[in-house]
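With chain D's structure known, arrange chain Y on it following the hints.
Quick mapping for you: the protein sequence lines, in order, are chains D and Y. Counting from 8, one number per residue, gives the positions in the first sequence under the working numbering. Counting from 599, one number per residue, gives the positions in the second sequence under the working numbering.
Because the hints were derived from the structure by calculation, they are not lab data. Backbone N, C-alpha and C fix where the C-beta goes; we use that ideal spot for every residue, glycine too. Just so you know, not all the hints are guaranteed correct.
As the list claims (entries may be wrong) - Take a look, some chain Y residues computed to stay more than 12 Å from chain D by CB distance:
(1) 608
(2) 609
(3) 635
(4) 638
(5) 644
(6) 664
(7) 670
(8) 686
(9) 688
(10) 694
(11) 713
(12) 745
(13) 768
Said to hold, decoys possible - In the PhoX-like style, the derived pairs of lysine-lysine whose C-alpha atoms are separated by at most 20 Å in a straight line are:
(14) Y/602 <-> D/43
(15) D/17 <-> Y/698
(16) D/43 <-> Y/667
(17) D/24 <-> Y/602
(18) Y/631 <-> D/24
(19) D/17 <-> Y/695
(20) Y/607 <-> Y/667
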Amino acid sequence: MVMCLALIGKVLSVRGKKAVIDFEGVEREASAEFIKPEVGDSVMVFNDIILEKVE
Amino acid sequence: MEFKVLPIKNRDLFLRYAVPCGDVLVRRGELDKKLLDEMGNAVRSGRDVDFPIEDKFKVASRMCTILAKRMQKDVIDDEVIRKYFLVEHEKAILWRKQIKPDIDVRECKVYAGKVRKIEDNRALVHTPLGEIMLRTDFREGLKLKEGDWISKHYGYISEKLSQNHVSAMHKKDRV
Numbered sequence: 008m009v010m011c012l013a014l015i016g017k018v019l020s021v022r023g024k025k026a027v028i029d030f031e032g033v034e035r036e037a038s039a040e041f042i043k044p045e046v047g048d049s050v051m052v053f054n055d056i057i058l059e060k061v062e
Numbered sequence: 599m600e601f602k603v604l605p606i607k608n609r610d611l612f613l614r615y616a617v618p619c620g621d622v623l624v625r626r627g628e629l630d631k632k633l634l635d636e637m638g639n640a641v642r643s644g645r646d647v648d649f650p651i652e653d654k655f656k657v658a659s660r661m662c663t664i665l666a667k668r669m670q671k672d673v674i675d676d677e678v679i680r681k682y683f684l685v686e687h688e689k690a691i692l693w694r695k696q697i698k699p700d701i702d703v704r705e706c707k708v709y710a711g712k713v714r715k716i717e718d719n720r721a722l723v724h725t726p727l728g729e730i731m732l733r734t735d736f737r738e739g740l741k742l743k744e745g746d747w748i749s750k751h752y753g754y755i756s757e758k759l760s761q762n763h764v765s766a767m768h769k770k771d772r773v
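Next comes chain D alone, as it looks inside the complex (with noise of 0.2 Å):
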């Protein structure tokens, strides 16, 4: 699966349709308004949107 500009991040927290995410120290708000997470999911993000839950 070709991922290219998307990351791999662990789900924080979940409030509503935004979650925030772990990129390794670095922490995000991104859109869970397509995926729905919860928290300890790792997931694939890009440009804020999470795509996939991942395993």
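Just chain Y, lined up with the frame of chain D:
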């Protein structure tokens, strides 16, 4: 929640923009070299490939789906593909650079350029990065001429651009 990707109407145009990223992805171990070569050959000849490119380029196909829905479309057409690769892609480059600065922005970003001179299978193109020599054999029968505007992605010419697309890209670059 299952993410349902919309169909890509112009798979050729999609690949002409996606394949240039391929060498970086092969180096990262995210893409198989043989597969990249197969896609490159398909682009060169204008053929289709017989595997689902949506699965291989999951990020691009999902982002194109999101953009298409925002544009109230139910298919990933040329307009959506260009919106993604000419506009959204650049935002993502800058986003990634803030988190993990491992991207060569100047190579990864898609630039508009004007053809200055054509020789054999190369073209000298004037871009915001300066004068660059690009291969013209990424696509057989491209029929470039001096003065044409093209889009550059890594070392490749993805397509000829209309004046409208060029104006939109230049406006974006000035912001």
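Now for the hints, and whether the structure bears them out:
no.: 1; hint: 608; in the structure: holds (19 Å)
no.: 2; hint: 609; in the structure: holds (15 Å)
no.: 3; hint: 635; in the structure: holds (15 Å)
no.: 4; hint: 638; in the structure: holds (14 Å)
no.: 5; hint: 644; in the structure: holds (22 Å)
no.: 6; hint: 664; in the structure: violated (7 Å)
no.: 7; hint: 670; in the structure: holds (17 Å)
no.: 8; hint: 686; in the structure: violated (7 Å)
no.: 9; hint: 688; in the structure: violated (10 Å)
no.: 10; hint: 694; in the structure: violated (5 Å)
no.: 11; hint: 713; in the structure: holds (27 Å)
no.: 12; hint: 745; in the structure: holds (32 Å)
no.: 13; hint: 768; in the structure: holds (22 Å)
no.: 14; hint: Y/602 <-> D/43; in the structure: holds (14 Å)
no.: 15; hint: D/17 <-> Y/698; in the structure: holds (15 Å)
no.: 16; hint: D/43 <-> Y/667; in the structure: holds (18 Å)
no.: 17; hint: D/24 <-> Y/602; in the structure: holds (18 Å)
no.: 18; hint: Y/631 <-> D/24; in the structure: violated (38 Å)
no.: 19; hint: D/17 <-> Y/695; in the structure: holds (18 Å)
no.: 20; hint: Y/607 <-> Y/667; in the structure: holds (14 Å)
The structure is inconsistent with the numbered hints 6, 8, 9, 10 and 18, although it conforms to all the rest.
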